[in-house]
Each structure stands twice: as structure tokens, then as C-alpha cells.
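Participant: Chains as they are written, first to last, in this note's numbering: chain A, 1 to 272; chain B, 1001 to 1250.
Honestly, the hints are just simulated from the structure, not real lab data.
Since this is a predicted model, take the numbers as computed values, not measurements.
For each residue, glycine too, the CB sits at the ideal point set by N, CA and C.
A hint or two may mislead.
Counterexamples of contact, computed for chain B against chain A with all Cβ distances above 12 Å [what the hints assert, rightly or not]:
1. Pro1096
2. Met1154
3. Met1155
Below 20 Å or equal to it, Euclidean Cα-Cα: the simulated DMTMM-like pairs (lysine to aspartate or glutamate) are [claimed, not checked]:
4. Lys1153(B) / Glu138(A)
5. Lys149(A) / Glu1243(B)
6. Lys1153(B) / Glu75(A)
7. Lys1064(B) / Asp1148(B)
8. Lys1153(B) / Asp44(A)
9. Lys1183(B) / Asp1148(B)
10. Lys149(A) / Glu138(A)
11. Lys1153(B) / Glu1046(B)
12. Lys1183(B) / Glu1243(B)
13. Lys149(A) / Asp1142(B)
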Amino acid sequence: MPAKAKEFAAAATLPSPGDSNGDGVSIRGLTHSYGELTTIDSLDLEVPAHGVLGLVGPSGCGKSTLLELISGLQEPSQGDIALGEATSAAGRLARCAFMPQRDLLLPWLTAIDNAALALRNRGLRRAQARRRAGLLFERFGLAGFERAKPAELSGGMRQRVAFLRTLMAGKPVMALDEPFASLDAITRGEMQEWLARALEADPRTVVLVTHDVEEALYLCDRVAVLSARPARIVDELSAPSPRAPDRDEAVTDPAFVAARERALHALRGGAL
Amino acid sequence: MKRWLLPALLLIGLVAAWQVAASTEALADLLGLEPFLIPSPVEIAEALWENRTLLAENAWVTLKEVVFGFAIAMVAGLVFAIAMHLSETLRLALQPLVVASQTIPIIVIAPILVVWFGFGSGPTLAVVALISFFPITVNTLDGFRSVDPEATKMMLTLDASRAQILRRVEAPMALPYFFSGAKIAVAVAVIGAVFGELVAPDAGLGRLIFLDMQLLETARAFAAVFVLSLMALALYALLALAERRVVTWR
Chain A
1 MPAKAKEFAA
11 AATLPSPGDS
21 NGDGVSIRGL
31 THSYGELTTI
41 DSLDLEVPAH
51 GVLGLVGPSG
61 CGKSTLLELI
71 SGLQEPSQGD
81 IALGEATSAA
91 GRLARCAFMP
101 QRDLLLPWLT
111 AIDNAALALR
121 NRGLRRAQAR
131 RRAGLLFERF
141 GLAGFERAKP
151 AELSGGMRQR
161 VAFLRTLMAG
171 KPVMALDEPF
181 ASLDAITRGE
191 MQEWLARALE
201 ADPRTVVLVT
211 HDVEEALYLC
221 DRVAVLSARP
231 ARIVDELSAP
241 SPRAPDRDEA
251 VTDPAFVAAR
261 ERALHALRGG
271 AL
Chain B
1001 MKRWLLPALL
1011 LIGLVAAWQV
1021 AASTEALADL
1031 LGLEPFLIPS
1041 PVEIAEALWE
1051 NRTLLAENAW
1061 VTLKEVVFGF
1071 AIAMVAGLVF
1081 AIAMHLSETL
1091 RLALQPLVVA
1101 SQTIPIIVIA
1111 PILVVWFGFG
1121 SGPTLAVVAL
1131 ISFFPITVNT
1141 LDGFRSVDPE
1151 ATKMMLTLDA
1161 SRAQILRRVE
1171 APMALPYFFS
1181 GAKIAVAVAV
1191 IGAVFGELVA
1201 PDAGLGRLIF
1211 LDMQLLETAR
1221 AFAAVFVLSL
1231 MALALYALLA
1241 LAERRVVTWR
């Protein structure tokens, strides 16, 4: 663990999922349909513990459905999804936190109470939950905004609170559904760097859905390119330098550019 | 400023026009009525002052009926809305009944209520509760149904139980809808109290209006109507104030 990460972990004792902290995600022969409509077709995916997998694909290819299946919000029509040892929907739900596309912060709660929702749901008292969430506010660039209502926060800050809420759930696996899609280009770049630092400091197994190839290649270890519905894997790439310290430098690196071109090519081919 | 000035000017204009039409007996002539049947605002104000004790006593009776009946409707409305929200079976079963409750012709059924609940405030409470129950229930239920299903999913992955989703997400979401329903209900609750009092020979402003119409004490009847309107306005304002205090995020 790098020194900075140790400091992060020590300063802010994150809710630890205990011995299951190293759960990976394993998907075998996954097929899912709504009635006649097959949205996912015999998909195999493997994410090692603390690995970050990116899923890119054309709109409406079933990426969000895939995340709901992984999270245990739905059962697949066919095939197996395992999060560590957990294969049932309830078991997956207990091991996976889900960050929806829109931040969905509750407007009647302050930023800190939104971030601490999972702790409150587990029965922690409000003061205790706030104290634990508060430890992370400074780290996440949110110091001073603990008592702000979501309406008073900028788009980037809202996403950070939403991510913090997901992180505070203390689950070994996180499913992120286009977390920065609603942000402007500059804020999105900043948030990608920010998320990269957060994941370096506090590694989790992450499945990230995005339509932004560059975002996927910067944040993830591996990127799977999905086809149009029914979703299957068209190409799978290794990112050249996942979560590199300098994002601007990383994304202009020739190896990164080559990977991006290959992913875009696969995306275009799969969309047909 | 404009918010207060415009309605105030309109009100003053209307009252002045009424005063002129009534005191010159122009309106009575036009309608072919005896002038005393159309009291002027000044006469109503005089009746209001002369009968202040009588009006206050009767207003107190009506206010209690409205508040208690409304409280019954609020509790019943919330219980029904939550039950219908949590159970699809209950929703399907109760929906027609809730709608049907609104089609009951209150004035016609009032004598039956007197038989059931006896003479006194009982029938009036029943009428007030019955008439204000519907807007509260339907609006609150709409509020529950307006919850974003994505928010529910998000709460599930944050280990929320059904009760926690209800308390932390659905109930706050439904709160503004509940208040909308309650504000509609409080106005009709006052009308409900008047209807209730028509058949129950107890005290109350509705009773007073009914008697005064028979006694041709029109000025006092209008004074009672004026007090009733004030009561409805005050209750409405109270609810609006409570809403502002509770629903701070809108």
C-alpha cells in the first residue's frame, strides 16, 4: 500500500467489509431477457479483487441492467454471477454498493446525512454516523459543506457526495453507472482524477459503466467493449496506465491513444 | 407589496359596490325583493358587532368540530394512504371505496348520521371527517407513487429495510403532497361542518345561519358566513405555515 493510501486509510477509518474485502466479480454465461427481448447474451466477465473493470457500449445496450444484476437488484434469466462467495441476489446486494447515474441525493437531508445513509440504515445513531462520514469530507474536498443541502452544491460536489455515500456503505464491490455523465467536460476530467486518487487510497472491486472510452481507459485496469443489444463482448483491452497521477499526460500518451482508437473501433463495429 | 395590494383593492372595490347596491336598494329593486333581504356590508358589520358574543360562542363550537373532524380525516387518510402504498392488494381493494366515499350526498345522508351518531357534535364530526378524508388520502398516495424507483434501488444497495425506505425516502417525498391535500381538505371541512349542523340541532355557525334564514335575520346570517370564511382562511394559513416549517427543501 503506498504511503499516501496508508495515511488516507488511517485518517478515515472506512467501514470495512471485514474479511470479504477482497471479493472479485465472476460472471458466467449470463443471459437476461425481458419477455421476448434479450438484453444480455451469454456474457462472461471476470474482475479480480480490487480490480477496476470498465464497460463501454452503445446507448441502450443493457449496461445499466448488467449493473443491476451484479448489484443483486435483479436475478438473471440464465447464468451465474458471483461476488466473492455470494451468488444469490440477497448475497450480492449485501456485498455491492450501487451508484446510480443521477446523484439521487435526498433533498431534505444535508450533504453529510446523505453520505451517511448506509450507516444510518445499519442502525448507527445520527451523531455517530455523522462523525464517521465527516472524517472523509475533508479528504474528498467537501470540508465546510457538511450541513449544506444538495441544492446548494455544485454538480461536481453532488457527485462526490454520491460517491462518498456509495463508499460509506463499506461494500467490497462498487457498481458505478455513468457517474460523471451529467457533468461538463472540465469538471468531468477533474472528477476522474479525483476518483482515481480515491480508488488508489481505498481500493475496491469496481465495475464502471460509461459511454466515454477515455474515462474508462483512464480509470480502469481493463475495459470491455459491449455490442448493441443483446450485449456481448466485442473486445477486451488492458489500460496502459490505469489511474496515472497526471491525467492530461496519461491520455495523450501514444499507448493510451492507440488503446482508445482500438476501443472506439470496436465500439463502432459492435454498434452495427 | 403587489401581492397584498391587488387582492385588497379588489376586495375594497367589491364591498363598496355592494354597499352602494344594497343601501340604495337598487339590487333589491332589480331582483324584486324586500330590501331587508339584502343587507349592506355596513349592516353586516353592525350585526357582527352586536352579536359578537353569540357569534364567538357558535364559532367556537364549529371550530372544535372542524378541527376534530379534520384530525380524524388526517389520521385515517394517512393510515389508508400508507396501507394502500405498502400493499397492492389493499390498494386495489380500497381504491373504489375511497372514491365512493366522495360520492356520498352528504346533505341527504346527514339525517341518517343523526340516527347513527345521535344529536350533538357526532354527526357533524362524521360529515367533516368524511368530506376531508378523500383529498388527504388521494394526494398522499400520489406522493408515495411519485418516488423515483431509482432512489428505492439506491436505498436497497445501502442496506435499507422496507420501513427505512418508507421513513427516509417515501415519507418525506409524500409530505408536500399530503399538505396539498390537507389544504384542499380544510376548506371543504368548514363546509362539511355547516352541512352537519343543519340537521343536528346543536349550536354552531351553520345552525345559526340556518335559524337566521328562517327568522329573516339576513344581516346576522351574513355575519356568520363572514366568521366562517375567516375560520377557513385562518386554518388554511396555519397549514401553509406548518408546510413552510416542515418542507424546507422546496
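Participant: None of the hints should be skipped; say for each whether it holds.
Facilitator: Results for each hint:
no., hint, result
1, Pro1096, "30 Å, holds"
2, Met1154, "5 Å, violated"
3, Met1155, "7 Å, violated"
4, Lys1153(B) / Glu138(A), "28 Å, violated"
5, Lys149(A) / Glu1243(B), "18 Å, holds"
6, Lys1153(B) / Glu75(A), "14 Å, holds"
7, Lys1064(B) / Asp1148(B), "39 Å, violated"
8, Lys1153(B) / Asp44(A), "25 Å, violated"
9, Lys1183(B) / Asp1148(B), "25 Å, violated"
10, Lys149(A) / Glu138(A), "17 Å, holds"
11, Lys1153(B) / Glu1046(B), "63 Å, violated"
12, Lys1183(B) / Glu1243(B), "10 Å, holds"
13, Lys149(A) / Asp1142(B), "25 Å, violated"
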